[in-house]
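Undergrad: Read off the chains here:
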Amino acid sequence: MSYIQFQKVSKVFPGEVYAVKDLNLSIERGEFVSFLGPSGCGKTTSLRMLAGLEKNTHGTILIDGVNMSQAESHLFVPPEKRKVGMVFQSYAVWPHMNVFENVAYPLRIAKKPKDEIQQRVNSILEIVELNGLEARMPGQLSGGQQQRVALARGLVMEPRVLLLDEPLSNLDAQLRGKMRKDIRAIQQNLKLTVVYVTHDQIEANTMSDRVVIMRGGKVLQVGTPDQIRNNPADSFVAEFVKQ
Amino acid sequence: MVNRIKSAFFDIRVLFLGLALVALFFFCVLPFFTLFERVLFPEGQFTLSLFEETFSSPAITIAIKNTLLVSSLVTITCMFIAVPLAWLLTRTDFPAARKFRSLLCLPFAIPPYIGAIAWIYLANPTTGLLPHLVGGDLFNIYSFTGLVFVEASFLYTFILLTTLSSLDRMDSSFEEAARLSGASPLRVFRDISLPLMRPSLISGGLLVFLATAASFGVPALIGGPARIYLMTTQIYTLQKMGSVSGILKAGALSSLLMVTALLTIFLSQFISRKAKFQTVSGKTSRPSVIELGKWKPLAVIGVLTFGFIVFVLPISGILISSLSKVQGDVGLSNFGFGNWYRVLFEVDETGRALFNSFILSAGAATLAVIVGYLVSYVQTKTRLPGGHLFDVIASLPYATPGTVVALALIMTFSGQLFGVLPSLYNTLGLILIAYFVKYLSFAVKTSADGFRQVDDVLAEASRVSGASWLQTMIRIWLPLLKPSLVAAWFLVFMPAMSELTMTTLLTGPGLETIGTLIFQLQEYADASGGGASVLALIVIIIVIAINYVVKRVSNGKYGL
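Which chain is which? The protein sequence lines are A and B, in order. Under the numbering used here, residues 1 to 243 are what the first sequence spells out, in order. Under the numbering used here, residues 1001 to 1560 are what the second sequence spells out, in order.
Wrong hints could be hidden among the right ones.
To be verified - Listed below are several chain B residues computed to face chain A (Cβ distance under 10 Å; list not exhaustive):
{"#": "1", "residue": "Asp1168"}
{"#": "2", "residue": "Pro1195"}
{"#": "3", "residue": "Ile1290"}
{"#": "4", "residue": "Leu1292"}
{"#": "5", "residue": "Glu1460"}
Stated by the list, open to error - Taking lysine-lysine pairs in the DSBU-like style, the calculated list, with each CA pair at most 35 Å apart, reads:
{"#": "6", "chain 1": "A", "residue 1": "Lys112", "chain 2": "B", "residue 2": "Lys1099"}
{"#": "7", "chain 1": "B", "residue 1": "Lys1099", "chain 2": "A", "residue 2": "Lys81"}
{"#": "8", "chain 1": "A", "residue 1": "Lys55", "chain 2": "A", "residue 2": "Lys21"}
{"#": "9", "chain 1": "A", "residue 1": "Lys218", "chain 2": "A", "residue 2": "Lys178"}
{"#": "10", "chain 1": "A", "residue 1": "Lys55", "chain 2": "B", "residue 2": "Lys1381"}
{"#": "11", "chain 1": "A", "residue 1": "Lys191", "chain 2": "A", "residue 2": "Lys178"}
{"#": "12", "chain 1": "B", "residue 1": "Lys1294", "chain 2": "B", "residue 2": "Lys1381"}
{"#": "13", "chain 1": "B", "residue 1": "Lys1381", "chain 2": "B", "residue 2": "Lys1557"}
{"#": "14", "chain 1": "B", "residue 1": "Lys1482", "chain 2": "A", "residue 2": "Lys111"}
{"#": "15", "chain 1": "A", "residue 1": "Lys181", "chain 2": "A", "residue 2": "Lys218"}
{"#": "16", "chain 1": "A", "residue 1": "Lys242", "chain 2": "A", "residue 2": "Lys112"}
{"#": "17", "chain 1": "A", "residue 1": "Lys83", "chain 2": "B", "residue 2": "Lys1296"}
{"#": "18", "chain 1": "A", "residue 1": "Lys242", "chain 2": "A", "residue 2": "Lys8"}
{"#": "19", "chain 1": "A", "residue 1": "Lys55", "chain 2": "A", "residue 2": "Lys83"}
{"#": "20", "chain 1": "B", "residue 1": "Lys1296", "chain 2": "B", "residue 2": "Lys1557"}
{"#": "21", "chain 1": "B", "residue 1": "Lys1482", "chain 2": "A", "residue 2": "Lys55"}
{"#": "22", "chain 1": "A", "residue 1": "Lys8", "chain 2": "A", "residue 2": "Lys114"}
{"#": "23", "chain 1": "A", "residue 1": "Lys21", "chain 2": "B", "residue 2": "Lys1482"}
{"#": "24", "chain 1": "A", "residue 1": "Lys55", "chain 2": "A", "residue 2": "Lys81"}
{"#": "25", "chain 1": "A", "residue 1": "Lys8", "chain 2": "A", "residue 2": "Lys21"}
{"#": "26", "chain 1": "A", "residue 1": "Lys111", "chain 2": "B", "residue 2": "Lys1557"}
{"#": "27", "chain 1": "B", "residue 1": "Lys1381", "chain 2": "A", "residue 2": "Lys81"}
{"#": "28", "chain 1": "A", "residue 1": "Lys21", "chain 2": "B", "residue 2": "Lys1294"}
{"#": "29", "chain 1": "A", "residue 1": "Lys111", "chain 2": "A", "residue 2": "Lys21"}
{"#": "30", "chain 1": "A", "residue 1": "Lys242", "chain 2": "A", "residue 2": "Lys114"}
{"#": "31", "chain 1": "A", "residue 1": "Lys83", "chain 2": "B", "residue 2": "Lys1294"}
{"#": "32", "chain 1": "A", "residue 1": "Lys21", "chain 2": "B", "residue 2": "Lys1381"}
{"#": "33", "chain 1": "B", "residue 1": "Lys1551", "chain 2": "A", "residue 2": "Lys21"}
{"#": "34", "chain 1": "A", "residue 1": "Lys55", "chain 2": "A", "residue 2": "Lys112"}
{"#": "35", "chain 1": "A", "residue 1": "Lys112", "chain 2": "B", "residue 2": "Lys1296"}
{"#": "36", "chain 1": "B", "residue 1": "Lys1296", "chain 2": "A", "residue 2": "Lys8"}
{"#": "37", "chain 1": "B", "residue 1": "Lys1482", "chain 2": "B", "residue 2": "Lys1296"}
{"#": "38", "chain 1": "A", "residue 1": "Lys81", "chain 2": "B", "residue 2": "Lys1065"}
{"#": "39", "chain 1": "A", "residue 1": "Lys81", "chain 2": "A", "residue 2": "Lys191"}
{"#": "40", "chain 1": "B", "residue 1": "Lys1294", "chain 2": "A", "residue 2": "Lys191"}
The hints are simulated quantities; they were obtained by calculation from the structure and are not laboratory data. All figures in this text were calculated on a predicted structure; none of them were measured in a lab. In this text, a Cβ means the ideal position worked out from N, Cα and C, and glycines have one as well.
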């Protein structure tokens, strides 16, 4: 059985407006999967349903064999119980806490002992190359550094899966290239399962094991970057990955 | 060439804008200079003796202490009410949250003295309806608790409005990131939302503190019988003594109140500017809704009970009171339209009061819109040095407690001004100036918003087409700003219609307004008759109707 499963998942808003329709997808442990598509295609909604920030109106979502949400039987695990890390497009680094406290927050919630928190935060800050900046306030950090704080915070609790929602769209081109490599390297070193949302096909192709192309709430094609490039399912996909 | 010479000597633009600026300084700044001059230089020489004399009086020090105590208690109470309400209405699946928002913010527009009248009817110790229905001493409104309760039941809206807007604008991913870190919704509120909204909360709290310290109607109606005197009611008493020394002492107390008020405003601005984190993102996704689940019925019951206490109970109290022949009696035979008939057709002052209030409010609103239109033009569309401070100057009288504004106006405009202008004391003119001055900032702010929304090229296109400055002001700017200006007119008209605090100090025989007539009927003329309730109900209806109009003409931008 696959590690993460979307089984006939839909999100309908009042008036029969489908944000996502009949999403079926399996993601393996340690896999890097990107949702790729134009804005409004349902990729962010899918990610937020996996996080528990949105409730799917139909279907089932499983992580590691555990039922997270089953719309038909009203089963729903709230986001704080899912052990899922997430990096937001706007970083969402809390402006009233310093770097250390931002990263330590998930461990404090989990009531970990002080020395363990100290040690785990330090080692994660080293991984994202932020050691030495523990006492800085977010207002004193660059966009790229805030991004790394957000990443460290998502990683520190050793999540079942790390979700990234357009994390690089607010960075300049040069920084984006470095962050792409770094995120991929961290994912491979820690053997993380990552679900990545982007509208940038270069990001999706260079980082992912598999790419999910979406449009209008539906999945058009799933495959490795090579498969999709060589064998596009339809003219939209062909056009979209050509750019 | 000819044109240039002409414009150097006489520019119609300078005339109009200059007049508006003169009006701004003459009415919004000069009176306060006069007030400070009178209390610091009582006989032409600088001395603090007036202050020493004033503040050595025990009655006055008690009034100051009472003011601080009541204002603090009201502020704390309002925070405990408003913060959970704001959270429920913005972050959870509370049913019909939008409707509850408008409804629970509505007391913002109703003058609190209306609430005092309602609660005096409902809970006074002798004929109160609630003691009558429930039996025994439920709760005596003529008390410290009563005073705090009635103030808080209106002023919580100040904090509710600021915290709602802060929670609405907050980037929802801050809270979502905390949820994903494992924090429960309440923990998220404590650790993330509350610290991020702290600046709004503090400035809302300071506004409540200030509004309580500045309020006159509630302390007069409830504090009076309970023998609890605040600074505003002391100023009123001192001024009504009519002696020069009484007025000077009132002035000394007023200048203290004004300085406190301005410091409070300054502090609140400082905090909200200084501590403002970047919590607003460009991308606003809908915050994920917290499901109340099994707590939902409890939350609904809580909010409904609260709405019942602050809204349904006082309004129905006023309605019942206005229909009761004998106050406090609830037998069917006690009800009728006797009070309505008496107040509307037999009390001579009613017609005059309605007429005066209407004329004064409409006049002040019109003046304020004209001056506000011109001043905000200078502020937003010219590079006059210091122009950005005009809305601060215009809001000076609004920030100053009404009692102080009235006293400053009396000191400035009674007696011959500059040896030529007639005294305005005891005339409708002075009340008109008071309304205009007090609410001018609404007009300046609203029309400045309007000007900022319109691109200059529209005016430049008009000039290029051969229109003069004045033609452009009238034929281009005016129509473009019409929605803002109409909203501004009503925003001035609405509070002026029911104004009490300043009017009680400025009124005289024949100068009744709705506010003073209600006060008069309630305090002595018709205390047992419920006549005040008739007029109070009329005020509520007017306020709700105007609020509706403002909301319609501004497409929901202004109004509640």
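Undergrad: Each of the hints needs a verdict: does it hold here or not?
TA: Now for the hints, and whether the structure bears them out:
1. Because the closest C-beta pair between B/Asp1168 and chain A is about 16 Å apart, greater than 10 Å, the hint is violated.
2. With its C-beta approaching chain A no nearer than about 5 Å, B/Pro1195 sits inside the 10 Å limit, and its interface hint holds.
3. Taking 10 Å as the C-beta cut-off, the interface hint given for B/Ile1290 holds, the closest approach to chain A being about 9 Å.
4. Restraint check, B/Leu1292 versus chain A: the minimum CB separation of about 13 Å is more than 10 Å; hint violated.
5. For B/Glu1460, the shortest C-beta to C-beta distance to chain A is roughly 36 Å, which exceeds 10 Å, and the interface hint is violated.
6. Pair hint A/Lys112 plus B/Lys1099 does not hold up; C-alpha atoms about 43 Å apart against a cutoff of 35 Å.
7. Under the criterion of a C-alpha separation no larger than 35 Å, the hint pairing B/Lys1099 with A/Lys81 is consistent with the structure, at around 32 Å.
8. For the hint pairing A/Lys55 with A/Lys21, the CA-to-CA distance comes to about 13 Å; that is within 35 Å, so the pair holds.
9. Proposed proximity of A/Lys218 and A/Lys178 is supported: the alpha carbons are some 31 Å apart, at most 35 Å.
10. Under the criterion of a C-alpha separation no larger than 35 Å, the hint pairing A/Lys55 with B/Lys1381 is inconsistent with the structure, at around 49 Å.
11. A hinted pair counts as satisfied when its Cα atoms are at most 35 Å apart, and A/Lys191 with A/Lys178 qualifies at roughly 20 Å.
12. About 55 Å separates the Cα atoms of B/Lys1294 and B/Lys1381, which puts this hinted pair outside 35 Å; it is violated.
13. For the hint pairing B/Lys1381 with B/Lys1557, the CA-to-CA distance comes to about 22 Å; that is within 35 Å, so the pair holds.
14. About 59 Å separates the Cα atoms of B/Lys1482 and A/Lys111, which puts this hinted pair outside 35 Å; it is violated.
15. With a C-alpha separation of about 29 Å, the suggested pairing of A/Lys181 with A/Lys218 holds against the 35 Å cut-off.
16. Taken as a hint, the A/Lys242 and A/Lys112 pair is broken in the structure, with Cα atoms around 48 Å apart against an allowance of 35 Å.
17. Only pairs whose Cα atoms come within 35 Å are accepted, and A/Lys83 paired with B/Lys1296 is accepted, the gap being roughly 26 Å.
18. Among the hinted pairs, A/Lys242 with A/Lys8 is consistent with the structure: their alpha-carbon atoms are about 29 Å apart, no more than 35 Å.
19. Annotation: proposed proximity of A/Lys55 to A/Lys83 holds, straight-line Cα distance about 17 Å (limit 35 Å).
20. This hinted pair checks out: B/Lys1296 and B/Lys1557 have alpha carbons roughly 31 Å apart, not beyond 35 Å.
21. Proposed proximity of B/Lys1482 and A/Lys55 is contradicted: the alpha carbons are some 44 Å apart, above 35 Å.
22. Restraint check for A/Lys8 and A/Lys114: the C-alpha separation of about 43 Å exceeds 35 Å, so the hint is violated.
23. Simply put, A/Lys21 and B/Lys1482 have alpha-carbon atoms about 46 Å apart, too far for the 35 Å limit, and the pair is violated.
24. A threshold of 35 Å between alpha carbons decides the hint, and for A/Lys55 with A/Lys81 the separation of about 14 Å falls inside it, so the pair holds.
25. As the CA atoms of A/Lys8 and A/Lys21 are separated by approximately 8 Å, the hinted pair is consistent with the 35 Å bound.
26. A threshold of 35 Å between alpha carbons decides the hint, and for A/Lys111 with B/Lys1557 the separation of about 46 Å lies outside it, so the pair is violated.
27. With a C-alpha separation of about 54 Å, the suggested pair B/Lys1381 and A/Lys81 falls outside the 35 Å cut-off, and the hint is violated.
28. A hinted pair counts as satisfied when its Cα atoms are at most 35 Å apart, and A/Lys21 with B/Lys1294 qualifies at roughly 30 Å.
29. Restraint check for A/Lys111 and A/Lys21: not satisfied, since their Cα atoms lie roughly 39 Å apart, outside the 35 Å limit.
30. Between A/Lys242 and A/Lys114 the alpha-carbon distance is near 51 Å, which puts this suggested pair outside the 35 Å criterion.
31. Only pairs whose Cα atoms come within 35 Å are accepted, and A/Lys83 paired with B/Lys1294 is accepted, the gap being roughly 24 Å.
32. Simply put, A/Lys21 and B/Lys1381 have alpha-carbon atoms about 51 Å apart, too far for the 35 Å limit, and the pair is violated.
33. Among the hinted pairs, B/Lys1551 with A/Lys21 is inconsistent with the structure: their alpha-carbon atoms are about 39 Å apart, more than 35 Å.
34. With a C-alpha separation of about 30 Å, the suggested pair A/Lys55 and A/Lys112 falls inside the 35 Å cut-off, and the hint holds.
35. Proximity of A/Lys112 to B/Lys1296 is assessed by CA-CA distance (about 32 Å); at most 35 Å being required, the pair is judged to hold.
36. For the given pair, B/Lys1296 sits about 30 Å from A/Lys8 by alpha-carbon distance, which is consistent with the 35 Å threshold.
37. A hinted pair counts as satisfied when its Cα atoms are at most 35 Å apart, and B/Lys1482 with B/Lys1296 does not qualify at roughly 44 Å.
38. Annotation: proposed proximity of A/Lys81 to B/Lys1065 is violated, straight-line Cα distance about 51 Å (limit 35 Å).
39. For the proposed pair A/Lys81 and A/Lys191, the alpha carbon gap of about 22 Å is at most 35 Å, so the pair holds.
40. Between the alpha carbons of B/Lys1294 and A/Lys191 the distance comes to roughly 40 Å, so the proposed pair goes past 35 Å and is violated.
Consistency with the previously given hints fails for numbers 1, 4, 5, 6, 10, 12, 14, 16, 21, 22, 23, 26, 27, 29, 30, 32, 33, 37, 38 and 40, ordered from lowest to highest.
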